[in-house]
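Colleague: Line order of the protein sequences matches chains G and V. Mapping of the first sequence onto the working numbering: residues 1 to 534, in sequence order. Mapping of the second sequence onto the working numbering: residues 1 to 325, in sequence order.
Here are the simulated SDA-like pairs of lysine to any residue, each with C-alpha atoms no more than 20 Å apart in a straight line:
hint	chain 1	residue 1	chain 2	residue 2
1	G	Lys127	V	Ala49
2	G	Lys116	V	Pro85
3	G	Lys415	V	Tyr28
4	G	Lys415	V	Ile281
5	G	Lys223	G	Asp63
6	G	Lys415	V	Ala49
7	G	Lys359	G	Gly296
8	G	Lys484	G	Asn345
9	G	Lys87	G	Leu150
10	G	Lys116	V	Gly55
11	G	Lys228	G	Gly514
12	G	Lys387	G	Gln258
13	G	Lys451	V	Ala49
14	G	Lys410	V	Leu56
15	G	Lys228	G	Asp218
16	G	Lys410	V	Ile27
17	G	Lys419	V	Ile30
18	G	Lys116	V	Asn70
19	G	Lys410	V	Ile51
20	G	Lys415	G	Val374
21	G	Lys359	G	Tyr497
22	V	Lys240	V	Ile309
23	G	Lys410	V	Ile281
24	G	Lys116	V	Asp35
25	G	Lys484	G	Glu465
26	G	Lys415	V	Ile51
27	G	Lys415	V	Asp35
28	G	Lys127	V	Ile51
29	G	Lys513	G	Pro261
30	G	Lys300	G	Pro368
31	G	Lys207	V	Pro85
32	G	Lys300	G	Phe287
33	G	Lys174	G	Pro135
34	G	Lys264	G	Arg324
35	G	Lys93	G	Asp218
36	G	Lys410	V	Tyr28
37	G	Lys419	G	Thr446
38	G	Lys116	V	Leu87
39	G	Lys116	V	Phe67
Think of the hints as simulated: they come from the structure by calculation, not from any bench.
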Amino acid sequence: MRTSLRCVSVLAVMAGMGMGLAQAQTLTIGISSEPSALDPHYHNLGPNNAMRRHIFESLVGQDENQRLVPQLAESWRTLDDTTWEFKLRKGVKFHDGSDFTAADVVYSLCRIPNVKDSPSSFTIYTKAVEAVETPDPYTVIVRTARPYPLLPVEFSSWAVISAPADAENLVFDKDGCDYGDWPKTADFNSGELAIGTGPFRFLEYVKGDRIVLARNDDYWGEKSPWEKVVFRPITSAAPRVAALLAGDVDLIDNPPVQDIPRLKENPDIDVASGLSNRVIYLHFDHFQEPTPGVKGTGGKNPFKDRRVREAVSKAINREAIVERIMGGLAVPASQLIPPGMFGYNPELGVEPYAPDRAKELLTEAGYPNGFELVLGTPNDRYINDEKIAQAVAQMLTRVGIATTVDASTKSVFFKRRNKYEFSFYMAGWGSGTGEASSPLRALVATRDKEKGYGGTNRGRYSNPELDALLDEALSTVDDAEREKLLQEAMAVAMKDYAILPLHYEVTSWAFRKGITYTPRTDQYTLATSVKPTD
Amino acid sequence: MLAYLIRRLFQAAITIVVMAVLVFVGIYAIGNPIDVLISPEADPAEIEAAIRRLGLDQPLWRQFLLFVSNALRGDLGTSFVHNEPALRLIIERMPATLELAVAAMLLSIFLGIPLGMIAGLRHDRATGRGIMAASILGFSLPNFWQGMMLIMLFAVWAGWLPSGGRGDTVPLFGVPVSFLTLDGLQHLILPAINLALFKTALVVRLARAGTREVMLQDYVKFARAKGVSERRVVLVHMLKNILIPVVTVLGLEFGSVIAFAVVTETVFAWPGMGKLLIDSILNLDRPVVVAYLMLIVFVFILINLVVDIVYSLLDPRVRLSGRAE
Numbered sequence: 001m002r003t004s005l006r007c008v009s010v011l012a013v014m015a016g017m018g019m020g021l022a023q024a025q026t027l028t029i030g031i032s033s034e035p036s037a038l039d040p041h042y043h044n045l046g047p048n049n050a051m052r053r054h055i056f057e058s059l060v061g062q063d064e065n066q067r068l069v070p071q072l073a074e075s076w077r078t079l080d081d082t083t084w085e086f087k088l089r090k091g092v093k094f095h096d097g098s099d100f101t102a103a104d105v106v107y108s109l110c111r112i113p114n115v116k117d118s119p120s121s122f123t124i125y126t127k128a129v130e131a132v133e134t135p136d137p138y139t140v141i142v143r144t145a146r147p148y149p150l151l152p153v154e155f156s157s158w159a160v161i162s163a164p165a166d167a168e169n170l171v172f173d174k175d176g177c178d179y180g181d182w183p184k185t186a187d188f189n190s191g192e193l194a195i196g197t198g199p200f201r202f203l204e205y206v207k208g209d210r211i212v213l214a215r216n217d218d219y220w221g222e223k224s225p226w227e228k229v230v231f232r233p234i235t236s237a238a239p240r241v242a243a244l245l246a247g248d249v250d251l252i253d254n255p256p257v258q259d260i261p262r263l264k265e266n267p268d269i270d271v272a273s274g275l276s277n278r279v280i281y282l283h284f285d286h287f288q289e290p291t292p293g294v295k296g297t298g299g300k301n302p303f304k305d306r307r308v309r310e311a312v313s314k315a316i317n318r319e320a321i322v323e324r325i326m327g328g329l330a331v332p333a334s335q336l337i338p339p340g341m342f343g344y345n346p347e348l349g350v351e352p353y354a355p356d357r358a359k360e361l362l363t364e365a366g367y368p369n370g371f372e373l374v375l376g377t378p379n380d381r382y383i384n385d386e387k388i389a390q391a392v393a394q395m396l397t398r399v400g401i402a403t404t405v406d407a408s409t410k411s412v413f414f415k416r417r418n419k420y421e422f423s424f425y426m427a428g429w430g431s432g433t434g435e436a437s438s439p440l441r442a443l444v445a446t447r448d449k450e451k452g453y454g455g456t457n458r459g460r461y462s463n464p465e466l467d468a469l470l471d472e473a474l475s476t477v478d479d480a481e482r483e484k485l486l487q488e489a490m491a492v493a494m495k496d497y498a499i500l501p502l503h504y505e506v507t508s509w510a511f512r513k514g515i516t517y518t519p520r521t522d523q524y525t526l527a528t529s530v531k532p533t534d
Numbered sequence: 001m002l003a004y005l006i007r008r009l010f011q012a013a014i015t016i017v018v019m020a021v022l023v024f025v026g027i028y029a030i031g032n033p034i035d036v037l038i039s040p041e042a043d044p045a046e047i048e049a050a051i052r053r054l055g056l057d058q059p060l061w062r063q064f065l066l067f068v069s070n071a072l073r074g075d076l077g078t079s080f081v082h083n084e085p086a087l088r089l090i091i092e093r094m095p096a097t098l099e100l101a102v103a104a105m106l107l108s109i110f111l112g113i114p115l116g117m118i119a120g121l122r123h124d125r126a127t128g129r130g131i132m133a134a135s136i137l138g139f140s141l142p143n144f145w146q147g148m149m150l151i152m153l154f155a156v157w158a159g160w161l162p163s164g165g166r167g168d169t170v171p172l173f174g175v176p177v178s179f180l181t182l183d184g185l186q187h188l189i190l191p192a193i194n195l196a197l198f199k200t201a202l203v204v205r206l207a208r209a210g211t212r213e214v215m216l217q218d219y220v221k222f223a224r225a226k227g228v229s230e231r232r233v234v235l236v237h238m239l240k241n242i243l244i245p246v247v248t249v250l251g252l253e254f255g256s257v258i259a260f261a262v263v264t265e266t267v268f269a270w271p272g273m274g275k276l277l278i279d280s281i282l283n284l285d286r287p288v289v290v291a292y293l294m295l296i297v298f299v300f301i302l303i304n305l306v307v308d309i310v311y312s313l314l315d316p317r318v319r320l321s322g323r324a325e
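Construct the entire structure; sequences and hints are all you get.
Modeller: Here it is in structure tokens:
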């Protein structure tokens, strides 16, 4: 008994010492998904892109609403429809003390296609570049093959790394730059090459345990209030919340929806939520006949009939899904991007819930008794994904379309979806560019490898009118005109019920009292968005 | 002894090959890692290019042959996700897991055997019954829930211990370990207890059953009759004879603790191999999963071998021989 008492007091002393170590200047963040590498050009995916923004910067930045802001380029403009001029910021230094110049931009553009075994390359953001000229160290002139209004957006998506001395005179060549050994991903992970211009410097990276960054005291912009930032990957949701409650971390991302009301009641915890760029949608098979998963239509694909698609849309009570399943942490969607984004069409409204009209439409289309349907969904990818699918299935069954849900883990779901095994599936899309062309191009434009259209259009929807509008928008450099074209294209897709938007996800962050977080539509968790209040 | 070792090694090689084939084909059947890894923004051309870069456009048999020929040269492949050699990723995580496993095993041995012997010696008294009742609890609590409860009790409410992570590490012969720093030790306590509870319950039951059996043996009676002190009877004659089943089971359990401490590592965000395995399975990172399971088969075989040798040391009647049993 005496020993156990002594143990307890030793524990208490140890805990006290542990707390003394936690300085107010250190910010600890529990993140739900860990980046796969610190090489900013290796893996184009959310967690990596969020992490690299602390160390590396781009020519163009995106603010919390994904609007473009100057970053390493002070300004940019078009000289003509296919020529862009970027004026670089002067006096910016890399973490190793070297100056940032146009040579670093050329070197970065050259390295992006030369990352070995990249599972998701950044070349999708650089392939529009035909030629690059650097008349002086602080001017970069970029030529594109055709008018390409998305160039500044795409230049906000890849990072500038520091060019070694022997790459100072490198010349950009679309077919491959002439340079010896490109840096390896492992050299970024070890910290040796993790040298950027960003607000934080690399300190330590232990895979699966922590990423530690230190404030860059020579940063050109607003310096961080945090001397040190520790990112701890805690992939499981309940332990992540527990770590916040225990005071081991100051902030966590993606608290589970069902825990948010309880966290809000806690006097020591605050929650910040903001609309994200992600829309959850339902997609139809517009192509196969007969289509898998549909029974009772005599071999016909009912979704080729616009009236059936409209009936499905009207049978779904979006408000109820948001209220009851998402706990209010979502917003019913009228289109593929949320309000406030470039290309949002204010004339489109959320589809009203009208089950009686849905039944009428089904009868008109020749399915008075409905049919049988299988709805495919992932069960670990989006917030409450399987529950939403179950609700949709019940609503459809109520108007006569007897729907069953086929839910599986994301790796299995995406494989089956990409093999066109579903006639009706649910998924989500986050607009990485922060404007309307991203979902339009990926989800509803006719699949076309040359144009890069329809990458995720696994319903194989095809509408020449929409394709033409999109073609025109993507070659219109004038912003106002392009926005009008994108709005029109969005209206065409929505009025044809090509795809059914359900809701926009709301992203939440939970943190201890004494700090604030500014929510970001791109769902990134950035230390630069955390500010102390006291 | 030598023939015995050779035969065991041969069996081991076959097991490893069968394992590699099963896992390789199994993961291939689940899906294409590119579907999970690639940015949704990627257009069809980029998706194709990425599949080519990772060699996933080749037919399964050719991918497998390439894997085998590389494996024979000691290269178990490069992680699709991390772009680093799979074996290195695993070895990097190994110290964390081994440390946790050893801590848990030590806890279960030094708690389990004494408690089990007490329960055996006093099986009809309240102490014995109390220990057995507690061991049922240790058996039946779900690991994840139990871990969350430990966190809630000791980290959230009492605030004595950290809720997860590994804490400060110092290198010991070049390997980072946490049990030599105060901060590291604090981080080790809760996950080690969580992992040890089930094993402790197991050891308690084995030790109790063994004690009750041995108590009635002639040599114990004889030792007592001879006037050997009770202390010596229990600590030498009885303890030695109950250890054989305990060693067998602990050997097997040690393997599974190393390989599949997944739940504990997930709950406590412990950067060990189990967490790597789960992440790799979710991302269909085939090279890592295959390398991992091959390594684990190897570890199991090694442990079994050690168990056999320990047997012969504990019980001179057991002789390792090359002849078929």
